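Here is what each chain is made of, one letter per residue.
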Amino acid sequence: MTVISRGWDRLTLPGKVLFLLIPLLIVATVGLVAVIVLLGQPILDTLAANLPIVRFVLAVTIVLLMTIPTAFLIIYMEMKIIALMNLRIGPDRVGPFGSLLSVVHGLKVLMKEDFTPTGVDPIVFTWAPVVVYLASVMALLVVPFSNGIVGQAFNLGLLYFFAISGLSVVGLLMAGWSSYNKYSLLGGLRSAAQVVSYEIPLTLSVVGLILLAGTMNIDTIVRNQAGWFTDWYVFQQPLGVLIFFIAATAEANRTPFDLTEADSEIVAGFATEYSGMRFGFFFFAEYVNVFIISALLVTLFFGGWNAPFPWPWPVELSLDPGSMGIGLLLLIGLGPVVLTLLFATPFWLASSRIKAWQALIIGFVLANLFIVTLVGAWAYVGLDWVAGILWFMFKTYGFVFTFVWMRGTLPRVRIDQLMDFAWKWLLPASLLNLFITAAALVVVKGLR
Amino acid sequence: MSLIPGLGLAKGMALTLRRFFEPKVTIMYPEERIDVPPKFRGRLQLLYDEWGTLKCETCFQCAQACPIECIDMGGIDTRGRYHVHWGAAETYGERREESALRRSGRPVPDPAFRPFQPVDLGELDRILEDHDHDPADMLQILEETQAAYGYLPVAALKRISHETGAWYAMIYGTASYYAHLRFEPAASTEQAQEVADHRPLEATYLAALDAALGGSDRPGTPARA
Amino acid sequence: MTTTTDRSGAGRPSTDDPRVMLDEELGVFEPIPPYPPRTEREAEFYTLRDGEMLLNMGPQHPSTHGVLRVVLKIDGEKVVDLDPVLGYLHRGVEKLCENADYHQAICYLDPLEYVSSLFCEWPGVMAFEKLLDVQVPRRAEYIRVLSAELNRVASHALFLGWMALDLGGLTPILWSFIERDEIVDMLASLTGQRMLFNYFRIGGVNGDLNHDFMSRLGDWMSHATEQIEAGNTLLNENEIFVRRMRGLGTIDSTTALRMAFSGPNLRATGVPFDVRRAHPYSIYPELDFDIPTRSEGDCFARYLLRMDEIKQSLRIIDQCLHQMPDGPIIAKLPRLLRPRPGRAYAGIEGPRGQYAAYVMSDGTDQPFRMRIHDPSFIHLQAVGLMMPGHLIADTMAVMASLDPIMGGVDK
Amino acid sequence: MDRAFKARLEGRFGDQLTGPIRQRHDESEMRIAAGDVTQVLAALHDEPAFRFEFLADLAGVDTGEVMQVVYHLWSDSTSDWLRVIADGLSREDPRVPSVTFLWKGAEWMEREAYDMFGITFEGNRDLRRIYMPPDYTSFPLRKDFYLADDAARSPGGGVRPMERTHAPHGAPATANVRRSGG
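Residue numbers (this note's numbering), protein chains in the order written: chain A, 1 to 448; chain B, 1 to 225; chain C, 1 to 411; chain D, 1 to 182.
This is chain A alone, in the form it adopts within the complex (with noise of 0.2 Å):
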């Protein structure tokens, strides 16, 4: 006993760390192998027998996963850009340029005391943070994100995103309702009332979209607009893009529509009591929702993912790695170490004040980062759902920036100017809309 105890004292930290877990990962591998040997054949048949059900899981585990650094990214976003507006710094400690502070900060959430107060429903009060931001996740499944890359495809599509994105002001009201607080109540029964009456020209303002490209499946909307900018339905349906536009920022609750948690009035509003992850989680869903809406905006009216214009130079690239042999190992082996010391030689040479090591750093990076810029320029020109990826990006980003950009600059406005402008401006105007589009289509059909 004595000789094991102190054996085991003599050993470092790093020491004991790995005398545990080096028998543990013999054990592991040799149990991993023989689970596969076993198993396998019955599990891959298993999965190969249900492969729509494997795809979808796998989509919604993906698209769970990139709702985090997205809110983290439009967090940050939006403190940057309204500090900037805002003629001050904004977040610069944490990270380059204080990009990591919104990360922090979902860390500082995440250890927060997750506190119930007294008086509150537990149940629906535990229960509202996660419909509202499954409401946001399930609505991020049928964004098509690239040629092929949507979580889930189907016919309905955008009849399922509306009736789900709806679905987060169940959440919002039952926030409101059970924190026993009187501006949560208030700031429930405000969101119930700018959801459901955004929810109509927001759906209308679509309609016509919906004449247009004779389909609810979003993917078939994107791929009618393929070509140049000029086939984007933003020039059939101006009218609608604009109430489109701001039907979304009031369902999304931001700025100037954000009266639901409009700190100066009703404090929090529906989230006033909720702190700790479940805040947390309001957090997350309200800029996953600006997401959500952006990325929507740009499928339905500025091409999705399409590139503005198509790409002139055809290049037909076919690269059969099988075809190089022996080469394919001397390129992997070398072509890093040849880069590598091909960029380093000019600074090594340039300054005698640039040692040999400094002079291997920067080229390892320069030499990193011209693989990365070869490989992305071959996948961009090679594989059309990367650039279908790029441009969907950097569209949706667009959009993002543009709602971030209303919050630095507009007040918000009061509740009942809200309702008159969705029920006597935007509705009219939806359904304006949607008439115009529908009496064109009947012109120019007879036309035909």
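No lab work stands behind these hints, which were simulated from the structure alone.
Hints should not be assumed to be uniformly reliable.
In silico DSS-like links for lysine-lysine, alpha-carbon gap of 25 Å or less [said to hold, decoys possible]:
# : chain 1 : residue 1 : chain 2 : residue 2
1 : B       : Lys24     : B       : Lys11
2 : C       : Lys78     : B       : Lys11
3 : C       : Lys332    : B       : Lys39
4 : C       : Lys95     : D       : Lys143
5 : C       : Lys78     : A       : Lys424
Since the structure is predicted, the reported quantities are computational estimates derived from the model, not experimental observations.
Fit chains B, C and D to the known structure of chain A by using the hints.
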């Protein structure tokens, strides 16, 4: 409002976008600091003289004069405890007076090694009774206390403060202002001896001075043995 | 019809006092307030009709401009009535001044209006001077006017930002803080402090104009109100802002006078009352400036009027700089002031209205009675008059447009 | 100083004045009895010769012997501030008619005077404490109210000499010293 709806909003958006690219005004605080104005009066600090001795006499006058009473006197006492001047009695007992006296730089009995002699306050109570516990008669009370005890014991000062309701700082300020009031026994031969022990005899350094100056026959220099 | 309900209502045991709300699920009494009504008005306010509920806004609410508590009686989103509850920042400054000597009393006046400190010192100092029959040197008067008008610009700049912030605009507050910061830095080099200047002394000012101040002032004058103009661009034509502010919190001139309004809030109703002209003091009779007025009396008029006042303040600052005489900056006075028994009243025009001090002397070195009149206090009570019928969100807008400072309201 | 204004005041309110009209600097001061407040202020407010429509200030005063309510008014008919002192309110039960029928804005100022001095303004429909908590019992700005010490239970517990300047007339010097533990 303009005739075209949304023009005002667009103007505002254009302005914020322009500001987005303009230089920023933030002062990066810990790295970059603006100087306080020369007339800045918010810096509270104690000054030291050129020998590194604290110039504060612990007279409590600043604490007393501060109109909004934001100045508190405090310090480390001989047992290493920190005290503020004004607070509940139970928390720091009698130490603040000792601390204050010690920090004044005057020769005071060191309570760490030699506790205060217990003082019979009966005499003081009679004096206070005579003056009807009236802080307006503070000087007379102090003088009579000194006459009774030979000096002003700290315990007596505290008692006076307690009984008259006068602020301790006020009493201390009064007492320290008048030269004839003292906080230690005047006839403390022990102390005098201590001081004398540490000082070279006059004759010694006078003789050395004379030697340095070259004789004692200079006019105006009294010759001493 | 009075009910005891607040949230669900039905089936609650009723208590004798209709204002006591009981939550049987929690077993918690939620008394609002826990004592019987003391006045007619209180009984009326705390009696809830069907569908009404009380919303307690503050004292820790983001936009009550300090620690103000407003109890709103709301019917859905509509405010039926409201009852401001003060005293969360009450420091008893009047009592403290009565227990300090005349010099010390001045520095109690500063923190009353932490946004425009100089305007709170000024009436106090003026009243003391009247008691003592002190003639203030002309240079001191000019310096006072100069610094006070700068402070007025700073205060109005901040008003613009707060106003926008209470309406949900994030940007103007920071732009106007840039403007205010320049002025505050300037005043700091003149007075030594950034917020509580404590600059005016009985008989003059503490410290002459210095190089730092003048160079900063010159810099600022060359691009004065740049940020305020930018904020105006963001708000003046903004449809959302204008539609929210127009016709909100309207008060006519008769009611405004009956509510004892003063300052911009009164002038926005069309009454050209400005103490600087109505009851001239200091060197204002010698200066050339206009009293802007507006007739609408709504929040937007109050906002625009303050923006006009900034321009007039700039004119005054310019004239002060050009006419600044030489001479002493403070009258010779003994350290210990014992004015003859008497009473003095001094009122001045501050950024929020008439600031006044009423001092009684009994011949000792301390004021016998020091009364401080603060316009924020007066204006805040008009919120109750303006609000009924508007929405919760408008409470903030109306309160912001009246521009109360809780330090002054609570004294 | 507006000498003509003094004559006008004396001519109009001659029998209601309880003291001479004093003028100093830019202020005119008239004293009236508490019962006359309604009439005099209404006359000052309404009559075209005076037109004092602007209530500059309303303050309570405790002189140590009596209570007063001081109104400061402004009008464009004179260059002076007019100070109307409703004099001679008893300290035990000071009562004065409210002026909220002329200036509704006086309501809070009267509440403040009530809170600080205990002066009852008859006719003010919301006369409750405004700064102090509702269960507070004393009136802080009265002259017999002494500031409590910062540390009432300290050895120096009691009242600081600084705060004892305005002892009530005839009160024994030690009457107000709050003993520790008391």
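Straight-line alpha-carbon gap lysine 24 (chain B) to lysine 11 (chain B), limit 25 Å: holds (21 Å)
25 Å Cα cutoff - pair lysine 95 (chain C), lysine 143 (chain D): holds (10 Å)
Restraint check for lysine 78 (chain C) with lysine 11 (chain B), where alpha carbons must lie at most 25 Å apart: violated (32 Å)
Agreement of lysine 78 (chain C) and lysine 424 (chain A) with the hint, judged by alpha carbon distance not exceeding 25 Å: holds (21 Å)
Straight-line alpha-carbon gap lysine 332 (chain C) to lysine 39 (chain B), limit 25 Å: holds (22 Å)
Checked against the numbered hints listed earlier, the structure breaks hint 2 alone; every other hint is satisfied.
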